[in-house]
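One line per chain: the protein sequences are A and B, in this order. Sequence positions in the first sequence follow the numbering used here and run 1 to 483. Sequence positions in the second sequence follow the numbering used here and run 1 to 498.
Just so you know, the hints here were simulated from the structure itself, not pulled from any lab data. If you're wondering where the values come from, they're calculated on a predicted model, not measured in any experiment. Take the hints with a grain of salt, since some may be wrong.
As the list claims (entries may be wrong) - DEER-style ranges, computed between Cβ atoms: (1) B:V195 with A:I466: 21 to 31 Å; (2) A:A370 with B:N477: 44 to 54 Å; (3) A:Y467 with B:A192: 21 to 31 Å; (4) A:P222 with B:T38: 51 to 61 Å.
Stated by the list, open to error - Covered stretches of chain B (in silico footprint by chain A; criterion: 3 or more residues with CB under 8 Å from a CB of chain A, positions within the stretch not fixed): (5) 71 to 79; (6) 137 to 147; (7) 173 to 184.
Cβ atoms here follow ideal geometry from the backbone N, Cα and C, with glycine treated the same way.
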Amino acid sequence: MSAADFVALLPLITISATAIIVMIAIAIQRNHKVAIVISLIGGASALVSLSLAASAAPRQITNLLVIDSYARLYMAVLLGATGFVFLFAYDYLKRRPERPEEFYLLVLLATTGAIVLVISRNFVSFFLGLELLSVALYSLISYVRTQSTSIEAGIKYLILAASSSAVLLFGLALIYADSGSMELSQFAAAMTPDSRPPNAFSLLPGLMLVLTGIGFKLAVVPFQLWAPDVYEGAPLPVTAFISTVSKAGMFAFILRWFHVHDIGVAGAPGLVLTIIAIASMLTGNLLALLQTNVKRILAFSSIAHMGYFLVALIAGGPLGAPAATYYLIAYAATILAAFGLMTILSGPRDEAVSINDYRGLFWKRPLVAAAFTTALLSLAGIPLTAGFLGKFYVVAAGASQSRWVLLFTLVLSSTIGLFYYLRIIVALYSQPEVSDVAAESSTLPLPLPATLALAALTGLILWLGIYPAMLWDAILAVTRDLG
Amino acid sequence: MILFSLILILLVGGVASWIVARRHETSARWIAIASVGTDLLIAIWLWIAHTGRSQILTTRWMEECNFNWISQFGIRFHLALDGLSLALLLLTYFLGIVAILSSWTEIRQRVGFFHFNLLWVLAGITGVFLAADLFVFYLFWELMLVPMYFLIGIWGHERRIYAATKFFLFTQLSGLLMLVAIISLAVLHQRATGVFTFDYEQLLNTTLSPRSARLLMLGFFVAFAVKLPAFPFHTWLPDAHTEAPTAGSVILAGLLLKTGAYGLIRFVLPLFPGPSRELAPLMMTVGVIGILYGAVLAVAQTDLKRLVAYTSVSHMGFVLLGVFAGNEIALEGAVIQMISHGISTGALFVLAGLLQERLHTREISQMGGLWETMPVLSGAGLVFAMASIGLPGLGDFIGEFLVLLGAYRANISLTAVATLGLLAATFYGLKFVQGTFYGPNLHQWRLFDIRLREWTILGPMILGLLWIGLYPQPVLNTLRPSLTTMQQSAFAQQIVRR
Numbered sequence: 001m002s003a004a005d006f007v008a009l010l011p012l013i014t015i016s017a018t019a020i021i022v023m024i025a026i027a028i029q030r031n032h033k034v035a036i037v038i039s040l041i042g043g044a045s046a047l048v049s050l051s052l053a054a055s056a057a058p059r060q061i062t063n064l065l066v067i068d069s070y071a072r073l074y075m076a077v078l079l080g081a082t083g084f085v086f087l088f089a090y091d092y093l094k095r096r097p098e099r100p101e102e103f104y105l106l107v108l109l110a111t112t113g114a115i116v117l118v119i120s121r122n123f124v125s126f127f128l129g130l131e132l133l134s135v136a137l138y139s140l141i142s143y144v145r146t147q148s149t150s151i152e153a154g155i156k157y158l159i160l161a162a163s164s165s166a167v168l169l170f171g172l173a174l175i176y177a178d179s180g181s182m183e184l185s186q187f188a189a190a191m192t193p194d195s196r197p198p199n200a201f202s203l204l205p206g207l208m209l210v211l212t213g214i215g216f217k218l219a220v221v222p223f224q225l226w227a228p229d230v231y232e233g234a235p236l237p238v239t240a241f242i243s244t245v246s247k248a249g250m251f252a253f254i255l256r257w258f259h260v261h262d263i264g265v266a267g268a269p270g271l272v273l274t275i276i277a278i279a280s281m282l283t284g285n286l287l288a289l290l291q292t293n294v295k296r297i298l299a300f301s302s303i304a305h306m307g308y309f310l311v312a313l314i315a316g317g318p319l320g321a322p323a324a325t326y327y328l329i330a331y332a333a334t335i336l337a338a339f340g341l342m343t344i345l346s347g348p349r350d351e352a353v354s355i356n357d358y359r360g361l362f363w364k365r366p367l368v369a370a371a372f373t374t375a376l377l378s379l380a381g382i383p384l385t386a387g388f389l390g391k392f393y394v395v396a397a398g399a400s401q402s403r404w405v406l407l408f409t410l411v412l413s414s415t416i417g418l419f420y421y422l423r424i425i426v427a428l429y430s431q432p433e434v435s436d437v438a439a440e441s442s443t444l445p446l447p448l449p450a451t452l453a454l455a456a457l458t459g460l461i462l463w464l465g466i467y468p469a470m471l472w473d474a475i476l477a478v479t480r481d482l483g
Numbered sequence: 001m002i003l004f005s006l007i008l009i010l011l012v013g014g015v016a017s018w019i020v021a022r023r024h025e026t027s028a029r030w031i032a033i034a035s036v037g038t039d040l041l042i043a044i045w046l047w048i049a050h051t052g053r054s055q056i057l058t059t060r061w062m063e064e065c066n067f068n069w070i071s072q073f074g075i076r077f078h079l080a081l082d083g084l085s086l087a088l089l090l091l092t093y094f095l096g097i098v099a100i101l102s103s104w105t106e107i108r109q110r111v112g113f114f115h116f117n118l119l120w121v122l123a124g125i126t127g128v129f130l131a132a133d134l135f136v137f138y139l140f141w142e143l144m145l146v147p148m149y150f151l152i153g154i155w156g157h158e159r160r161i162y163a164a165t166k167f168f169l170f171t172q173l174s175g176l177l178m179l180v181a182i183i184s185l186a187v188l189h190q191r192a193t194g195v196f197t198f199d200y201e202q203l204l205n206t207t208l209s210p211r212s213a214r215l216l217m218l219g220f221f222v223a224f225a226v227k228l229p230a231f232p233f234h235t236w237l238p239d240a241h242t243e244a245p246t247a248g249s250v251i252l253a254g255l256l257l258k259t260g261a262y263g264l265i266r267f268v269l270p271l272f273p274g275p276s277r278e279l280a281p282l283m284m285t286v287g288v289i290g291i292l293y294g295a296v297l298a299v300a301q302t303d304l305k306r307l308v309a310y311t312s313v314s315h316m317g318f319v320l321l322g323v324f325a326g327n328e329i330a331l332e333g334a335v336i337q338m339i340s341h342g343i344s345t346g347a348l349f350v351l352a353g354l355l356q357e358r359l360h361t362r363e364i365s366q367m368g369g370l371w372e373t374m375p376v377l378s379g380a381g382l383v384f385a386m387a388s389i390g391l392p393g394l395g396d397f398i399g400e401f402l403v404l405l406g407a408y409r410a411n412i413s414l415t416a417v418a419t420l421g422l423l424a425a426t427f428y429g430l431k432f433v434q435g436t437f438y439g440p441n442l443h444q445w446r447l448f449d450i451r452l453r454e455w456t457i458l459g460p461m462i463l464g465l466l467w468i469g470l471y472p473q474p475v476l477n478t479l480r481p482s483l484t485t486m487q488q489s490a491f492a493q494q495i496v497r498r
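Just chain B, with the same shape it has in the complex (with noise of 0.2 Å):
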């Protein structure tokens, strides 16, 4: 019932704040911090509650809730948390939190229904974290997709519609693709067995033709490829990043993205073992290339926050790449990268969404010179670009090199040109760094620096990326138990213990 109750805060804070904003705005937003801020200790509790026991872990989940929704189909509200759901859940409620904080001062219309959209967006990720069936997985899967569409829709910037149609588009038909593969793999099952059912540990076992299977796994990798996204699915991030406000840019980046690379580690490798073996090489190679692609881009950007979505296309290439290196210590950099990408993309979003405030514009050319106005914020961007260049010592350091090494293992050539990728990373950090902060302050800015408020939001963020960068066992003890299960179907043969 725990878990159940982590989406049931949500949903009940997103209505309260909403009605709650007709009378007083400010109070709307202390009502979604609140709710989302007991999600967050919920999951602290249950992390440390479980680490003790992580590592004798017979049972493959943590807690459950269970309980039959529609019988006819063999549904059932089945959710379940272990430590790869764990993890994402406390970064989940962490960058919840960040993004209620930063919109506190750039939304000041119709707070109620940004409030409400927020935290169900949040609901729905928590959802499809959590959901240990098919069913109940797309129905969150889906969703998350309204909300995020209104948070484009109405709160973003000039192009919004376009690119929250763009958006709604381009899931819902990779979607609906993973719908009939997750149908059809039902109803394989129930041809095998007689059980019609959906449930992911039932659905595990399941014996799948080659051909079949493939096409099944296609099927749920579009979906997952879109949302990560994979290199020639990736056309609506850069509009949607860009257009969103910042807390939906927060979003999107840090936790909507991740949803893709979750779907992959927790359905693709297990449910489709053979071909996930097969087309190992392939995907590495859509990995690599998305690296590239994504870096090259986003030298070129001249938009700030286009700058940094093309960053993410970059990053979660590493996690392509990792997922399907074949090898636990690849899985686990992986699952590294998505967290501290997650943390540090977004506080580059937020940094953007805070110099748009002050500048009233995202064009690079219009900024530079900033740190002798603005030192301390400067100075957090620094380490901010300093972790998305992965340097060593900040969380995407750890990511990156893991997935390298473990990469490496299954594939040299590649390895080698993914490697290349940190170099572009170097020159989109400093271009960045350059633009914004270095450089004669042309246009004569005047600005105040960082405020108590905006402390809170970017402090932690530098406290998690340096934590995950210099002491990341916990987080790597947390996960193993459930990334070895994972793995083990999928890859069996080679597994790398260190």
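The following block holds chain A by itself, in its conformation from the complex (with noise of 0.2 Å):
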């Protein structure tokens, strides 16, 4: 490896160091601030680091890793979106009694497993990805000891996660007798219609069960049971980062994988995607009609929403990419605003999950429920968010490569979904109740980082959906390289 190699990896070397830092930190002194503000200066160097590894990328760095200018993308997502969750997890971790150091240093790993995801052009590497990123949300996701459901949670995960890996390495070993090799590359023939791989008695069941591995990250139908309960019992923060950055990472991954310019995902796999797309928006979107609760509400969504991202994916062609980039970047950007607020408006006890919490919001606190009701009209696409233009995007991709199934499923289902954001939304606008359920939410002070994180979320909502020329032009940029 050359200088030139380690300075394209400088991000990825940074976060890990930051990790590294601020476990010392805890070990020498506790100090709640002093581990953010680590965490926070590691995440903006590596963020600055980008521009630095910009000048030797694209690079390839043996045979595991390749950062190139998609990467870089991807990581600057990661980074923004693991800045805004300790932002919002700060002053929820303050309110309550465990230790909230080891939050940060966790997070800190879990990032740097998902940007091993983005950068690897081989399956080693991706596992390595995984496993990291895994491993990480275990302990996460029942980071709240004192809360019996937190813990639930984790061993749900716990054990779906593990098995779900046990499968995808089944399907990398199958993979492996069959091709002697790892690179993800080689996939780029099995995907096109008409040639048929060499041996598919082995090929083409190591694919389904490595597609099953990444179906349960991304939580899609069938491989989806878990993302309710871990939405559900994991501390508000985290549940923020698991449908963003562990998402985002696993997105970033596939698409790498499965770019095929021009013709999209057709073969065997483009029919299980396309099953497994159809399935999750419309489950995703019926389910979530049944619930009370707003983090299941927006677990299920988010199955749904991995389904609109599915429908750009197997679209291909020249906008194929683009959109599925564009969507996850406004997915992001407005669940992220829509976990925040509700980490804001969570109390010492209980967070504020129940629709009910949410009951006469805007008559109490006009400005949050503005934030609020932008974040849900993104989610369910309505012009001037960062929502609507994803979805026309991923509709113009669908359009133009005539995927019309999927196209009317995407129709119908989110015109479904609408009617659970309009639920919540009614709850924000209603006549507010004299009784004392809603008090704690709204009387709560307001954390300052976490209204400013959540300030420029919805400052970059609103900006995306009103102009996104010029993230649209990074974007194509982007994936051209990618080709």
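Could you fit the two chains together into a complex? Lean on the hints.
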């Protein structure tokens, strides 16, 4: 490895070094403020080092990693999202009895894992990143140990993630047995419609098993069963982390893997992914109708949103990858804002998760409720928000490849989806009740860092929804590198 | 830029009245009036400035505003004004002022947010009437929804949440289908010419295979048919109209329904001339079904606002019939019908609101004999009921007459059946007047008659109806150039000139 390789890897090195520094700082003296400041500085310098890495890129480092502009964009998204999670977590943890410092350590480790996913071009590094991410998540999900739901969620995730990893490994073994290689690029041929892979007997099952493992991480139907429980049980900042960083990392990987210019994903994997996408869109939105817990609603909605991503991914073509990337960024900003809002309104004892906690919020805190409305409308895909343009690009990608079945499912399911977002909005704007149920969320002082983060995210949602040209240009340039 | 400022004034006015309402509610109302009034003045000024030239117009648009927005997709912020848009904008701002005045005493809670939503709905409607880029059109189309949803859902009557949600879901589903159609049209245009654009004028010249043209046309049609509403898609309307506050009903019936008809005239006819000709008999049949069905259901209603809501279904059937009749007379009639229906039905909803404010009920059975306690208001009610059933001398007559005249050339039997709608209209008109104003005053109502503020709402509406009913020529002159363009592209061989 040359010096240039190290420069290219700087973001990864910085973020893992930050984890170590936080660990040492905790060993010397426990201090919440020091921990978050170190973590934020580490994240920021990793972001800065991205531009340094730009001078060295695109670069392939050993057989495992590749740093190109695509990877840099996704790294920036991951680091940004992690920063927001830190800001939201600070006051959340301060209100709780647990020792807060290790949270930052674990989140940094998980982010490192997600970054490895983004830059891997080989199944070996992919698996390493995945495990790094998962192991950190096990302990993050059950971080609030005084609450049994948190522990329950952690154990559920542990068991399911471990078994899905096993399935994934078995799939990798089959693929290796067939081809003798762990390179991602070897599959480009298998995705195209007409060419049959030479030894389909073990390659195809291997592919399917790998898809199973990936599907679990993305929480798409039929591998979604963990999502509502884990979303509900995990502490709010961790829920925000799972729904953004963990999914974005995996999504960046699958997009790199399946990126087949101009044709889209076809053949057997295409069929399987189409079924998964349709099932995710419908199941996610339909099941969310029955929920009264906002965290669970957002969990099911995230299942549906993964389905929308898959539409763009399957469609492929010159618009597919950019559309998926844009949607991911829009979704990340939106869902971070939504969970951040819930974090702000959560008191020291209970999180504000029931729809009833939000009843009449608009008349007590108009700005907070307006921000929440913006986030929900963005999730529903109403114009002038990031979510609408995301959906617009996805539909454009689908229409340009004539994927009509997927598009009509998207239209139908997002109408169903609108219904439960409206339920939350109705609660926000309904007459405030005199009872004490909502009292806690309305008297709590708003923490400054989280409020600033929230304002930034709301601004981002609106900016991406009104003037997307800049980001869109960047994404187009980046995905061109990918091909 | 003047077109953009029309929208901007409303948006800024909305925010301003929201902020001001915290200190002083009445001034918030005045700010709302002032911003809509400014727009009305601008629109009138545009009208006067362009009437002289309208006959020799060489370009399609009177005013334009066009700047770059999302260049990667060829999306431009393109607004354009022609006679059709101008006429509907005048209606928009007129009814906007009516809506604000009619909620002066009705809305007492959360006044600022109410006017914010009201002005933003009007801004969305303005955008819909002006958009000359399909992406921008869709944007405004959706943008009208959210504030309207809040208007119904927060200030509505008993079943407001149900009605608001139903309204939103119906419109959203059909709107998304239209979005898919819009994007597909742009994609097909790109395949044919290599240019990715959403610009209205460029997309007009897209060559489409008959099959894809039919599918795309249906995608657009569904969205407009839901808004119109055409017969099988109308079920959201009675609920939304009944539950909305007076201002909401006025805007729904007077303006939102018109956006559906406007979409048909502006987009469906010129963009898809082939399928429009092909499916015209079907569409006309749907229109006739709507006329009869709405009228019959209106007769059976006991709730005053529900009755008026179903008459809208009937009247919009005439519009659908006129749009697809395939000649200019019917098309002009349809637009006149849109405008006068906006005024007459808006007035009936205002009236229902005034009655509800006094009686605290909308049930016709609870009313009766109101003429003896408030003769002036009842007299005004009679005028609007007469307009609604299409009596000569008032606006709706001109619209319906022209539609039937034009439709007769296209399809005699359908027109004959449609004429029955006028008969049914007499029934619901009589039922309305008889049930509320005439008869014995069984419930011993003692009510105050019309106030000055109410005069300022209803008076101009009566004048407007009389004007369109007696001398519609200025309006027709404004409409004619743009309608001719739209007409020629769809039904070129059947131009009928007077």
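Hint by hint, where does the structure go against what was stated? Just the numbers, ascending. No hint contradicted; all consistent.
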